[in-house]
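S.K.: Chain by chain, the residues run as shown.
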Amino acid sequence: MLKVINNNEKKKYLKKSKKVGLPPGSLVTNAEKKTEHTKIKIIDYDKESFNIENVLKIEKSIMNIGKGKIRWIIIDGITQVDIIKDVGNQFNLHSLVLEDILNTNQTPKFEDYGDYIFIVLKKLLWDKNKNKFETEQISIILGENYVIVIREQESTIFDPIIDRIIIPKGRVRLMGADYLAYTLIDIIIDNYFIVQEIVGESIEEIEDSLIEDPQSETLHSIYKLKRSTLELRKSIWPVREIINKLQREESQLISDNMHIYFRDIYDHIFRINDSLQNYREIISGMLDVYLSSISNKMNDIMKVLTIISTIFIPLSFIAGFYGMNFINMPEISSPFGYPLLILLMIMIAFIMVLYFLRKKWI
Amino acid sequence: MLKVINNNEKKKYLKKSKKVGLPPGSLVTNAEKKTEHTKIKIIDYDKESFNIENVLKIEKSIMNIGKGKIRWIIIDGITQVDIIKDVGNQFNLHSLVLEDILNTNQTPKFEDYGDYIFIVLKKLLWDKNKNKFETEQISIILGENYVIVIREQESTIFDPIIDRIIIPKGRVRLMGADYLAYTLIDIIIDNYFIVQEIVGESIEEIEDSLIEDPQSETLHSIYKLKRSTLELRKSIWPVREIINKLQREESQLISDNMHIYFRDIYDHIFRINDSLQNYREIISGMLDVYLSSISNKMNDIMKVLTIISTIFIPLSFIAGFYGMNFINMPEISSPFGYPLLILLMIMIAFIMVLYFLRKKWI
Amino acid sequence: MLKVINNNEKKKYLKKSKKVGLPPGSLVTNAEKKTEHTKIKIIDYDKESFNIENVLKIEKSIMNIGKGKIRWIIIDGITQVDIIKDVGNQFNLHSLVLEDILNTNQTPKFEDYGDYIFIVLKKLLWDKNKNKFETEQISIILGENYVIVIREQESTIFDPIIDRIIIPKGRVRLMGADYLAYTLIDIIIDNYFIVQEIVGESIEEIEDSLIEDPQSETLHSIYKLKRSTLELRKSIWPVREIINKLQREESQLISDNMHIYFRDIYDHIFRINDSLQNYREIISGMLDVYLSSISNKMNDIMKVLTIISTIFIPLSFIAGFYGMNFINMPEISSPFGYPLLILLMIMIAFIMVLYFLRKKWI
Amino acid sequence: MLKVINNNEKKKYLKKSKKVGLPPGSLVTNAEKKTEHTKIKIIDYDKESFNIENVLKIEKSIMNIGKGKIRWIIIDGITQVDIIKDVGNQFNLHSLVLEDILNTNQTPKFEDYGDYIFIVLKKLLWDKNKNKFETEQISIILGENYVIVIREQESTIFDPIIDRIIIPKGRVRLMGADYLAYTLIDIIIDNYFIVQEIVGESIEEIEDSLIEDPQSETLHSIYKLKRSTLELRKSIWPVREIINKLQREESQLISDNMHIYFRDIYDHIFRINDSLQNYREIISGMLDVYLSSISNKMNDIMKVLTIISTIFIPLSFIAGFYGMNFINMPEISSPFGYPLLILLMIMIAFIMVLYFLRKKWI
Amino acid sequence: MLKVINNNEKKKYLKKSKKVGLPPGSLVTNAEKKTEHTKIKIIDYDKESFNIENVLKIEKSIMNIGKGKIRWIIIDGITQVDIIKDVGNQFNLHSLVLEDILNTNQTPKFEDYGDYIFIVLKKLLWDKNKNKFETEQISIILGENYVIVIREQESTIFDPIIDRIIIPKGRVRLMGADYLAYTLIDIIIDNYFIVQEIVGESIEEIEDSLIEDPQSETLHSIYKLKRSTLELRKSIWPVREIINKLQREESQLISDNMHIYFRDIYDHIFRINDSLQNYREIISGMLDVYLSSISNKMNDIMKVLTIISTIFIPLSFIAGFYGMNFINMPEISSPFGYPLLILLMIMIAFIMVLYFLRKKWI
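Residue numbers (the numbering used here), protein chains in the order written: chain Y, 780 to 1141; chain B, 780 to 1141; chain D, 780 to 1141; chain E, 780 to 1141; chain C, 780 to 1141.
Careful: at least some of the hints might be erroneous.
Unchecked claim - Derived pair list, reagent style DSS-like, types lysine-lysine, alpha-carbon separation capped at 27 Å:
| hint | chain 1 | residue 1 | chain 2 | residue 2 |
| --- | --- | --- | --- | --- |
| 1 | C | 1013 | E | 1013 |
| 2 | Y | 1139 | C | 1138 |
| 3 | B | 1138 | D | 1013 |
| 4 | C | 1013 | E | 902 |
| 5 | E | 1013 | D | 1013 |
| 6 | B | 1003 | C | 1024 |
| 7 | B | 1024 | D | 1139 |
| 8 | C | 1138 | E | 1024 |
| 9 | E | 1003 | C | 1024 |
| 10 | E | 1013 | E | 907 |
Hints are computed from structural coordinates only; laboratory data are not their basis.
Because the structure is a prediction, the values reported are computed rather than measured.
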């Protein structure tokens, strides 16, 4: 299989730091060093027995799975490209599959290679500090009696499944590799419900300040949420089509009684997509509401300015008028001038206030 | 069937209060305690006889339905998980069906399991106090000679159907379980017309204040209405596909002469969706109209401010000018100064008013 | 057939005044009393003969149509439910058809019941006083040798067709019931062109004031037009699918040479829908244009205010400055103070005007 | 064939001036008298010979086309309905075809009548004076050995094709009537590229003033362009489907080697539609950009007003303050009062300017 | 083949400078003279041998490719139309293919002519100076044992492929012409990732100034980015369909084991389109955010103006009031008048400030 690797002519190094004009003959990963050392865990089980083992490298004997047994290989970390190469060699995987495992910029995908099915999914993590979602790529290879899972780094997401396998009469122990793959996918998609909930809560947080007290930070939050939702869609939307394919797949690797389980996951992913779609519409509407709110506020500011100005500018004019130094201003020298003027001013102010009351500005 | 339940490994507890990492082996409901005690009603009927009975638990004899009879089981409340388990055991339902019944976050769904058809619908209730729609999940299981209805809580929605069954020669009595299921679905969907009407009325209420007197509360109402409509769509939109499947379904459980009835419901749900779609477009347009109205109002405010300022600021300047204390200001000591100035001021004000009249600001 | 009516359990009374929990066994109409008495007109014709007759009720002999003859029954008014019941009984119509005829909230629909085809269309009337479109439901039942037309009220829309039938060698006389149904549908759809024209003219009327002189009434008109167009779409859009079905229909009731005629109507309805679609986009754009126009106007107002304020506020300050009563202000007692100050003021005003000219505000 | 015309019962007279309730039996045109006299040109050609002839009326011998010859009939003007009737009679055209030729409100259409194919296209003319597009309807009837072209008025659009036919060994001379029809359609669609270019140029013209100096005329231009583009789409969009049908058509009238030519036209029309679609999105965005620009400008105006007001209003207050006539104002009689006040004023102005600098308003 | 060229009647010269009414019989290019002289490079290889040669013209012997060899012809520059003609003659290409090669306004296209497959793609170049994307058309003709590449000008894009061919045991050397075509398409599409990255970076650059400090240049950048993205879509979107056709193509020219490679490219182009789609939505939202930001800023300006005006206008009025020259103003002559007035003014200012604090304007 060395040939496959030597002849790999692909060059998709989205991060500019990776050279585009790379010479053929080497698999490269774009993973930032999330995990220093790749960890390999091998879990063998059948109805009667169960064994879990940590190994350092992929042995040639990896394909020798006991009769009737299921082998589940978990590889955490993709920086040690050699280990992925070895997996590729031992399980006879296509060079494009290896390339996709190593490139973490994949969108979710499903490919049936006959002997094995290759699935790429995205686990979504909410990073509270950065206030955005991080994605982690999980590749699943489903063979006749084995499942290989390759993750960017170690995580506890699949621990409940290991716990269930340990239980001697657990359903996982009684069923095939396809059921194991199903539980893995199911747990990743259940994870998306939490994602959906976080978005929903963010929307509710913003809503509170949206209409009553819109701030520049509110706008910032809406925009960030909009971007996050678009990013989410990229990771979640294609999963629907993948599960649909699994549900209808006529591959021998998936037994007939599994279809109802995949149909169930399909409903879940459909529901999540539906909610995200709703959220996107809500967020889009928020921008309009924000703008309207801001305009509302400006209206209030303008009203105050206009009321004050409209009342006092004419009064100031009158005051200024009788501050003129003309010699022959009869009003000034009249003893009734001053009290009449005060009366006039009160009347003007009164009329203005009435006008504003009629206009419902006060 | 205990095994099915023991092996249920699903964990979709959208409310965070429910633990995600739940050990397998127990069905859980996310229902908030709407009903303390689950109520079970069993209605048996055929052309000649009719019997209604309240029971406390699902007996093993529940499947012994008399020959030619139809059994309709109404279960109100899903907090007593054991009862749902018993139903699952007696009627041999798939564990995924039981899970869906207990999880009230389902979107409407239709599934044909061969022996029975599983339908989930949402009843919509307008909560006047909270000013929003509440949904209640209604699960319907249609078997050969039985219909099981599971609701979150007791309600009167199906009482008219019970009344009709009581009538000896009523059409329901003459037809099969499929016709009973049809009447149940029909009554739920008829309910949606009321929902549609409430939205329509809300739109009309908002419209009145939208253009003439837009307030910050108007904006609030539009936004809330928009969100409600999106929520409604989530509950109503998928129903169309469900009815379409029922209409075309080749299941033995649905007799051929039922298709025309389901086609009729399909028309209803199509009409409701159409109206809701229209409402959504109207509401979207409302935000634009609101913004335009606010701008209109601001224009009016600005006009008042500008008219007052533009007339009086120059006049004030002139008044201030002749309030200066320079020694040699010939106008001031002239006897014609004062009357000429008054004339000038009147002219300036007059010209300004003319200008505003030409601009149609007054 | 009384049974069908007795067993009608449907309850879709959108107007709240009609009780929802209605007991089964009676057909109800939601028609407001547009016509007090239902009028029935029976037109019989073949190549040689022609007969027109007004009757008061549906006789049992209504189905006895002479050999080779076509019978066209026009029923105006649906408040006398018994007459519709009788039609249902005599022509053996499904109870759902009768229900649809009586409920005027139908969207346009097409249903092939084998023996007869049931079509519901909407006639659109422009009500000048209310300034909106009124719809009138027209139900058409096409049988082998008869066409039944049920309208909400009497109208002259089909009079030209009657005129044509009177002409002995008119094409209608030579062809079957399907051709008669075609002419009826054609005349209803031709009517939509007038609707389209009214919308087009309304748009042009609004356009004139849209950019040059946007008023709050303009906004009102745009919004009303938008709503009307959405209502229109609800009545017209589904017609396309109906005509498409008629065009492809393999029913025996429609002869092959009719397909080219229905294809022609299909083109018409396609053209109308296309125009309405265009109108909707134009109207949507109008709201944006309106808002921009309003902002433009506000800009103009602001400019006037700013020019006046910016010129006179500094001048007023200077005037106020030399209106101060300090004892030792050398400028005031200087003989050059006053003329120099006037010069300064003219210069400031001049510079300001230059500034505004450069900014193109004047 | 007189019968067809006598029995024509259609009444689609979109211009209200034409009576809707027209009696059957006469073909009417809605063409405004663009051409007083209809001009008929007959071009006959085969590999060896070529003949061009102007005639005044359609003779009965029009169908006698020499063996192996192609006859191309160009009819300019549709006001003389009799000539169209004669064409219909001689070439045995369906009455609906004649009606469509005479009604210039057609959308583009394609219809295969077996013996002949009927195509309606729109030629687009840019009217510089009216600043909008005019459409002209061109009907093409393709028979086995003839092509009939009916235009609303004489034009030079097809002259290059006549020139090419004159060349003895030109490709047109060597191929059939289908190739002639292809060249006609090709030249009409090539015409659309000019239309596309005019729209593109209009967009670029508007763009220049859009952001830097938005005027009310800019808004006017954007709106007009939007309307024009919508009108264009109505004429151009359906052409895609027409060409698609021609490309796949299994009619005997179109030989197999023509398909690659129609595929080529299909690419052209696809490209034009694509560009128009892009243009529509650009124009839609322009309205938003315009509104933002206007707001930007208003911001600038507001800044000027605010800076001037905020600096001078406090200063004016101080000046007014010391213009008061109270008897015991110690500052006024103090010799340091005046210079200290000037200092205070300068400081206030300085602080204000600093504030505006920090806010980046200056 | 001269005939083909002579009979070429097409006239699509989008640049007006090229005459529309061109006489038939000559192929024309719309390429602006990017390359003065067309350069031709011929690369022959099989498993054992490799040869590269620069030639000046297409010889008649060009079709004599050694048995088992692959010939790759690179033609840089399309201004020398004769060379393209010669290629057309020697490889027997359809005249429409030659025309498409010469017209650089093509959208990407795929056409299977049986003997050869014709593909047009667009290479995208970011022109830093003009700040926009330039497109370069690359035509690929895939025959049984040859690949012809025609570019508008010389470039280094395919140099890595030449390098790989030089390696004796490189995969390219071992596989057929279809694999060579695949590597060419792959390298062009990899290029699009860089395009995607540039757009993504531009978005991030704009985002920084979007909310905090929106300027008129920000608006300019958003608008330009929107236009660029629309242009990009035109070049990239159709590629998806092309690759899809290649992936499913049943042409003999593409061997079965190539399908998995084209499926891989399909995933890439799908991912790019997806990202561009996201970018378009982000950019659309940016305009709304920009407008909201501008309104926010205006609100801030208005607040400053209103606070200053509202505090000082009443105070100025009072000052002006006591600047009046009436004879009998008791306050003025009172010794407490002045200090009390100062107190009053401080109170008014204090109340105003409190009011603004409560309104959260300060």
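S.K.: So, for every hint listed, does it hold in this structure?
M.R.: Quick rundown of the hints versus the structure:
The suggested pairing of residue 1013/C with residue 1013/E holds, with an alpha-carbon distance near 21 Å, which does not exceed 27 Å. Using a Cα cut-off of 27 Å, the hinted pair residue 1139/Y and residue 1138/C holds, with the two alpha carbons roughly 19 Å apart. For a cut-off of 27 Å, the pair hint linking residue 1138/B to residue 1013/D is broken: about 43 Å separates their Cα positions. Of the supplied pair hints, the one linking residue 1013/C and residue 902/E holds, its CA atoms being roughly 25 Å apart against a limit of 27 Å.
Restraint check: the Cα-Cα separation between residue 1013/E and residue 1013/D comes to about 21 Å, which is no more than 27 Å; the hinted pair holds. Taking the CA atoms of residue 1003/B and residue 1024/C, the gap is near 47 Å; set against the 27 Å cutoff, the hint is violated. For the given pair, residue 1024/B sits about 66 Å from residue 1139/D by alpha-carbon distance, which is inconsistent with the 27 Å threshold. Note on residue 1138/C and residue 1024/E: the hinted pairing is violated, with a Cα-Cα distance of about 67 Å set against a maximum of 27 Å.
Among the hinted pairs, residue 1003/E with residue 1024/C is inconsistent with the structure: their alpha-carbon atoms are about 40 Å apart, more than 27 Å. For the suggested pair residue 1013/E and residue 907/E, the alpha carbons sit about 21 Å apart, so the restraint of at most 27 Å is met.
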